[in-house]
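Protein chains in written order, with the numbering used here: chain A, 650 to 970; chain B, 2 to 457.
Don't take every hint at face value.
Taking lysine to any residue and the SDA-like style, the derived pairs with C-alpha atoms no more than 20 angstroms apart in a straight line are [stated by the list, open to error]: (1) 829(A) x 116(B); (2) 154(B) x 762(A); (3) 953(A) x 118(B); (4) 187(B) x 176(B); (5) 953(A) x 116(B); (6) 953(A) x 109(B); (7) 953(A) x 110(B); (8) 187(B) x 203(B); (9) 384(B) x 365(B); (10) 154(B) x 761(A); (11) 826(A) x 849(A); (12) 826(A) x 682(A); (13) 829(A) x 682(A); (14) 953(A) x 112(B); (15) 829(A) x 118(B); (16) 829(A) x 850(A); (17) 154(B) x 81(B).
Keep in mind that the hints were calculated from the coordinates and are not lab data. Please read these numbers as outputs of a predicted model, since none were measured by experiment.
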Amino acid sequence: MSLTTFLQLDLPAMLAALFATLSCALLGNFLVLRRQSLMGDAVSHAVLPGIVLAFLVVGSRATWPVFVGATAAALIAVALIELVRRYGRMDQGTAMGVVFSIMFALGVVLIEQAATRNVDLDAECVLYGQLEDVLWLAPTSLSSLADWSVWAQMPREVTTLFGALVVTSLAVAAFWKELKLASFDPALASALGFRAGIIDLGLMVLVGVVAVAAFEAVGSILVIAMFICPAATARLLTDRLSHQVALSLVFAAVAAIGGYVLAAFGPIWVGLASAVAASGMIAVTSGLILATAVVFAPRHGLLKRRRVARSATADPAHSAA
Amino acid sequence: MILLTTTATDAGWPDVAQAVEVLALGGGYNTSLVMIGVALYGLAAGVVGSFAVLRRRAMMSDTLSHATLPGIALAFIVATALGGEGRSLPVLLAGAALAGVAGVGAVHVMSRYTRLPEDAAMGAVLSVFFGLGFVLLSYIQTLGTGAEGGIQKFIYGQTAAMSTADAILIGVVGTVSLLAVAALFKELRLVCFDPQFADVQGWPVGAIDLALMALVVVVTVIGLQAVGLILVIALIVIPPATARLWTDRLGRMVALAAAFGAVSGYTGAALSALMPRFPAGGVIVLVAGALFFASFLLSPRHGLLSGALRHLRLSLDIESQHVLRRVFETAESGVNTVGMDTFPLSRLALTRAWSAPRRRAVIAHLTWLGLVRAADGEHVLTKAGVAEAQRLTRNHRLWELFLINNADLAPSHVHRSADLVEHVLDGEIVRRLEEELARSGRLPGNRSVPMSAHPV
Chain A
650 MSLTTFLQLD LPAMLAALFA TLSCALLGNF LVLRRQSLMG DAVSHAVLPG IVLAFLVVGS
710 RATWPVFVGA TAAALIAVAL IELVRRYGRM DQGTAMGVVF SIMFALGVVL IEQAATRNVD
770 LDAECVLYGQ LEDVLWLAPT SLSSLADWSV WAQMPREVTT LFGALVVTSL AVAAFWKELK
830 LASFDPALAS ALGFRAGIID LGLMVLVGVV AVAAFEAVGS ILVIAMFICP AATARLLTDR
890 LSHQVALSLV FAAVAAIGGY VLAAFGPIWV GLASAVAASG MIAVTSGLIL ATAVVFAPRH
950 GLLKRRRVAR SATADPAHSA A
Chain B
2 MILLTTTATD AGWPDVAQAV EVLALGGGYN TSLVMIGVAL YGLAAGVVGS FAVLRRRAMM
62 SDTLSHATLP GIALAFIVAT ALGGEGRSLP VLLAGAALAG VAGVGAVHVM SRYTRLPEDA
122 AMGAVLSVFF GLGFVLLSYI QTLGTGAEGG IQKFIYGQTA AMSTADAILI GVVGTVSLLA
182 VAALFKELRL VCFDPQFADV QGWPVGAIDL ALMALVVVVT VIGLQAVGLI LVIALIVIPP
242 ATARLWTDRL GRMVALAAAF GAVSGYTGAA LSALMPRFPA GGVIVLVAGA LFFASFLLSP
302 RHGLLSGALR HLRLSLDIES QHVLRRVFET AESGVNTVGM DTFPLSRLAL TRAWSAPRRR
362 AVIAHLTWLG LVRAADGEHV LTKAGVAEAQ RLTRNHRLWE LFLINNADLA PSHVHRSADL
422 VEHVLDGEIV RRLEEELARS GRLPGNRSVP MSAHPV
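Let the hints inform the model, and build the full structure from the sequences given.
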């Protein structure tokens with residue numbers, strides 16, 4: 650592997666994955682705390698019809714129409730889920746299942762119509778993304794990086810995701826106090842005069858925006874994994890929200906870089922002919938990190954639990970401690 | 002007949018005659034087979050799904066179906082490595098079932114033994130398993146066997162590829178799961194509606210839940226081929242949710258869910274056969290979705306429209322009752338020297354801040370109820386209206402007296418509560434109020450209206 654291939658092929662893909670996973674993990678902290686983890690799942694499935702409709706209307710994969718279509722679909726999905734939950738008197742899981750599966754089905758049917766119009770689009774790319782197709786042809790050597798025009802040719806996916814990361818970080822930093830309060834004690838938040846509904850809606854809009862920005866490069870499966878796994882891992886390790894967010898970002902970065910390296914170079918190390926899917930491998934890596942924490946976490950892990958349970962049965966006098 | 006012959010177009014839209022023919026199973030052997038197979042599947046999924054939805058396991062079935070992908074891929078890899086036929090359906094479905102069970106087990110461990118909530122556990126398992134499946138698929142692609150297409154059909158489903166053997170498999174498995182539900186009906190009902198009670202009564206709640214999950218696994222796995230693993234949740238969740246909108250009784254809900262599921266499968270498969278550009282899995286789900294949203298709007302019990310109508314009716318009732326009581330109070334105060342049945346409602350505008358449309362609506366409602374009649378361009382109470390005004394005011398004041406006597410509230414604080422409660426005091430409660438007040442000697446005689454406890 651030469652340095653140029655790394656710069657042209659691997660670096661942009663890694664950057665796209667990194668920005669996507671960081672934005673998702675940041676928001677995921679609040680989704681996990683608020684027990685809305687599956688909302689990320691539902692929304693990232695439900696954007697499909699919006700994306701396809703935008704393709705059908707505009708006839709190309711231009712960024713803005715797709716973005717608008719997908720965001721609109723995400724908002725419709727969130728509103729419909731709330732409507733069905735409240736007026737159909739169903740639990741949230743049922744409402745989500747009903748709404749997102751109908752919207753995804755609509756997307757699948759619409760895609761077939763798009764196929765006949767020679768629009769380059771399939772459901773696979775929405776699910777899995779095309780991380781391997783993120784190319785940065787400008788740099789030809791390490792020294793060329795000193796040239797600003799080279800950076801200006803950074804692929805659209807990377808810049809979009811960087812923008813999404815900046816927006817999410819700013820939003821979370823600006824509304825940190827509100828998000829924290831609404832996540833831990835929504836009733837108190839309402840009583841103190843914070844509009845919990847507005848915070849809810851804002852969070853969902855951000856989730857939709859990130860899901861949309863990320864789908865093209867990394868696919869919705871990775872988006873769902875990154876909404877949940879890093880934050881859940883961090884949740885097992887700390888009780889402080891600020892620590893949890895920081896840890897989740899670290900895990901997200903490790904999963905993104907580690908997963909990409911495993912996918913791109915791992916198969917070659919074990920003697921296979923070619924790379925495997927990077928977005929899937931990043932999801933698997935984040936899952937492995939989570940599994941490790943589930944078993945070994947110092948206070949909330951399975952092993953610790955077991956030791957506590959065992960010492961409690963062995964020494965009933967100290968079981969209270 | 003003109004309609005029947007001219008609706009056929011070049012765009013591939015079928016005419017009505019074609020549609021009727023296909024729907025009546027006249028669309029050829031294979032199409033009919035697929036329609037019956039998918040209808041049977043929808044029926045079984047609706048029945049099992051009813052319990053999954055009531056037990057709040059909707060997203061669990063979604064997790065489960067996504068988690069099957071690595072199982073399918075691994076089964077293919079292992080079978081091929083052992084020299085077998087990797088694409089054989091039983092092998093792939095066995096792999097799918099194993100991976101699905103592993104996924105459910107992982108969710109169980111995480112949500113039960115760590116601090117993570119169940120939804121986070123489900124989301125993590127769903128996405129990580131699916132990601133693993135995708136990695137394995139990309140590996141299979143590098144093997145160059147050309148088999149990845151055969152495996153990808155499980156993601157979106159490939160209804161048209163259903164063979165007689167597949168349809169028989171679905172029929173058999175569906176029947177078995179129906180029998181299992183019938184045998185466990187009592188247990189499932191108990192666990193769905195009151196798991197704590199079931200536990201206290203000594204029922205093995207964990208085992209019953211496990212049986213339900215096993216049924217969901219079976220239904221999910223046999224649905225993979227028909228609708229694909231992403232949309233299999235649709236047939237497990239949507240028909241039961243639709244049925245839930247129509248009834249509050251479990252037996253009826255299960256029957257309705259089975260019917261909705263079967264109709265969705267049957268019609269969806271037929272539509273997709275008529276319009277080749279519409280993939281069957283998606284169309285089936287859209288038919289189920291259309292049934293859901295129609296019910297969501299129109300169902301008399303829990304529908305949006307009927308709810309809105311009920312709400313409108315209630316607010317009109319309340320507003321009308323306020324008008325009646327106000328007429329009584331005004332007539333009683335003696336400021337107006339007219340009787341209650343000649344007091345023109347337009348005079349109330351002086352004391353009530355009404356918008357004109359709202360007033361018209363309330364008066365129309367009162368007229369429709371026969372409590373108000375038009376006289377000389379004015380609206381006045383009828384005999385029934387006078388009686389109703391008396392009854393309402395009496396109830397209002399009985400409640401006030403009750404609060405003063407039995408809840409030790411100051412007379413100045415009772416009006417607001419009585420204002421809210423007067424609309425829902427039925428005969429039985431009024432009778433008990435009377436008894437209670439008679440005991441303390443505060444009940445006014447001969448059903449007359451007591452004096453107000455506070456300045457009106």
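Consistency of the hints with the structure:
| no. | hint | verdict |
| --- | --- | --- |
| 1 | 829(A) x 116(B) | 19 angstroms, holds |
| 2 | 154(B) x 762(A) | 19 angstroms, holds |
| 3 | 953(A) x 118(B) | 19 angstroms, holds |
| 4 | 187(B) x 176(B) | 19 angstroms, holds |
| 5 | 953(A) x 116(B) | 13 angstroms, holds |
| 6 | 953(A) x 109(B) | 18 angstroms, holds |
| 7 | 953(A) x 110(B) | 14 angstroms, holds |
| 8 | 187(B) x 203(B) | 14 angstroms, holds |
| 9 | 384(B) x 365(B) | 17 angstroms, holds |
| 10 | 154(B) x 761(A) | 15 angstroms, holds |
| 11 | 826(A) x 849(A) | 14 angstroms, holds |
| 12 | 826(A) x 682(A) | 14 angstroms, holds |
| 13 | 829(A) x 682(A) | 9 angstroms, holds |
| 14 | 953(A) x 112(B) | 16 angstroms, holds |
| 15 | 829(A) x 118(B) | 18 angstroms, holds |
| 16 | 829(A) x 850(A) | 15 angstroms, holds |
| 17 | 154(B) x 81(B) | 18 angstroms, holds |
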